[in-house]
Amino acid sequence: MSMDRRKFLKIAGISSILGLGATAASATHNLWVKGLGPEEVDKNKDALLAKRWAMVVDMSKFKTEDDFKKTIDACHQTHNVPDYRNADGSVDKKFEIKWIWTAPYERAFPGQENKYMSEHIKDMPFIVLCNQCDNPPCVRVCPTKATFKYANGITMQDEHRCIGCRFCMAACPYGARSFNWRDPLGNNPNGTPIIKNENREYPKRGKGVVEKCTFCTERLAVGKLPACVEAAPKGGLLFGDLEDPNSEVRKIVENQYTIRRKSDLGTGPGIYYIVGGSDHA
Amino acid sequence: MKLYDVGKIFIGILVFAAIAAFPFYYNIGRVNAKPEPKFDTPAIQEWEKQYGKKECVESKEFMRAEHMQLLNNWRDSVVRQDNRGYLSDTSHKRFNMSLQNGCMNCHSNKKKFCDECHTYMSVTPYCWDCHIPPKEKEENKS
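Line by line, the protein sequences give chains V and L.
Residue 51 in numbering that gives the first Met the number 0 sits at position 52 of the first sequence; the count goes up by one each step and never skips.
Residue 42 in numbering that gives the first Met the number 0 sits at position 43 of the second sequence; the count goes up by one each step and never skips.
Extracted from the complex, chain V is given alone in its bound form (with noise of 0.2 Å):
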């Protein structure tokens, strides 16, 4: 049989594009692959729900350093993050992680900082966390889609996919990204356990994962604020739909000056903060 090039070379186009056909059916095939799948998989009945979860920081309502501390607390206790000290009992900033953390103002609001602003807001610690950008970098690098945006606006992070390539971390402009250089087994050199009173409901993280503030989608799903609103003094953590018209943060970012952090470089983060305020300003 003989075959001019025209006739050979539409004969492989064909069957190329036949074959790629197949492979993209049985690519997109059943989540739920063999067998039994349910009747239906869904939310929780109590499930809290959003168009678009934000939060807004009033940094007025923190006034003690106990109030810092009971705040990030919470979430790291929830959270089954890892404390890993140093002998003198000090961070170990080589390993540390942090889900909700302080920052000072030149670090949480560069560029803003002047020479005459008051000393009381240049000194005083921010509440910083992961801002649940709506066009959030860390998602763009990521390589093989370990972190994600949810449709209510949350951006969550799947442990079980990362590989630990840490782009996303450097891909972060807000620092809100940390490393599991190790395993969180036992003590810290000063005797202090790498994760105390470990929460029963919560996983941890191996070695060689990153890890962030998930908006507590886990407390969300079964109807309960994020750990640090509850614990943060009355008001000074408030959460909540920005879509909703009727929300507490959509009306105080509607009726109130609140800045965002960096939002010059077009992440559209979801954390508002009321700088200074009544008492101090």
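The reader is advised that the hints may include incorrect statements.
[To be verified] Distance condition first, Cα-Cα at most 25 Å in a straight line; then the derived PhoX-like pairs of lysine-lysine:
hint: 1; chain 1: L; residue 1: K109; chain 2: V; residue 2: K195
hint: 2; chain 1: V; residue 1: K44; chain 2: L; residue 2: K92
hint: 3; chain 1: L; residue 1: K110; chain 2: V; residue 2: K206
hint: 4; chain 1: V; residue 1: K206; chain 2: L; residue 2: K109
Simulated from the structure, these hints should not be mistaken for laboratory data.
The model shown is predicted, which means the values in this text are computed figures rather than measured ones.
Starting from the known structure of chain V, arrange chain L on it as the hints suggest.
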């Protein structure tokens, strides 16, 4: 034809056979008991009292053969889609798709439930690298 070094050859064959057969005689006399996972935790007994039978999320046969697939699907559903409720096709009951707060609430005996078969089959799923198993009393060595 003459066979050279008969002695050495036979010793060699014997040594080889001894090494090759090592796994067989190493296990002689060891009872290779079939794994028998236990389903007698307080939570399961409570369930049995309430509903009149022991039942899992899906049928026993399905769970035995496909629990890894089911757990994978659960994980994807929970982590990727944020859907945590599972309405069973078999029992028409609603379950919380969670290892730590679902499965292990009933099967609080990881050693006699998970490890029993996994050890026998020599599989080491990495669930427990991060997920925290329920607290168990150390078994009395009798």
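Evaluation of the provided hints:
1. Between K109 of chain L and K195 of chain V the alpha-carbon distance is near 23 Å, which keeps this suggested pair within the 25 Å criterion.
2. For the hint pairing K44 of chain V with K92 of chain L, the CA-to-CA distance comes to about 14 Å; that is within 25 Å, so the pair holds.
3. Only pairs whose Cα atoms come within 25 Å are accepted, and K110 of chain L paired with K206 of chain V is accepted, the gap being roughly 24 Å.
4. Proximity of K206 of chain V to K109 of chain L is assessed by CA-CA distance (about 23 Å); at most 25 Å being required, the pair is judged to hold.
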